[in-house]
Amino acid sequence: DVKVTQSSRYLVKRTGEKVFLECVQDMDHENMFWYRQDPGLGLRLIYFSYDVKMKEKGDIPEGYSVSREKKERFSLILESASTNQTSMYLCASSAAPPGTGELFFGEGSRLTVL
Amino acid sequence: GEDVEQSLFLSVREGDSSVINCTYTDSSSTYLYWYKQEPGAGLQLLTYIFSNMDMKQDQRLTVLLNKKDKHLSLRIADTQTGDSAIYFCAEKRTNAGKSTFGDGTTLTVKP
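Residue numbers (the numbering used here), protein chains in the order written: chain A, 10 to 123; chain B, 72 to 182.
Each hint should be verified, as a subset may be incorrect.
[To be verified] Interface residues of chain A toward chain B, partial, derived using beta-carbon atoms under 10 Å:
hint, residue
1, V13
2, R18
3, F29
4, F42
5, L50
6, L54
7, P70
8, E71
9, G72
10, Y73
11, A101
12, P106
13, L112
14, F113
Simulated from the structure, these hints should not be mistaken for lab results.
Glycine residues also receive a C-beta, built at the ideal position from the N, C-alpha and C atoms.
If we strip away everything but chain A, and leave its shape as in the complex, we get:
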């Protein structure tokens, strides 16, 4: 069964803390993505990566960075967490084109910043 695994389902952090969200996929996918989901705002793309050590900014990259040292792992980093980063974070992966581009999602990490 194909899988995208996010390391933490629920996190509570304090303002100013450094936060790591980890994501691992077992499908040998080239593409990996980080989204945040907020009520009424849908899914917003933070960063994505087409290959190891490559990254591209999405629509809302400010306040975030990413790391992709291995093909199967894509990490989202909040250098100094703020309350407006309280959200649900979703990791996804997909195979490189050609193909349907179907995204496989993890279960999500709900982050609360106090």
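Got chain A; can you put chain B on it based on the hints?
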């Protein structure tokens, strides 16, 4: 730029048909998707359609695509309480890695 819009809420009675609508702006969209998100879970692909198709049917699901109006719809026949979820419309160009999502339609199915 790309934009995908859908209404936020839909409520139907069990056994009725549900129709969720979506409009998109990118005429270069090649793949159009419907994803389902159940409470507390990530998104899961329900179905997709290529831009050169008008319709796709898969059991209780029917997807209709009107390329001229850039309108996509998802019809769920005989809606069940287990269909209650958020449904996201998304689009992607052929060689683009990323998809653009709508804000999601929350479907509530009443017994």
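- Message: I'd like to know which numbered hints this structure contradicts. Please list them from smallest to largest.
- Response: 3, 7, 8, 9 and 10
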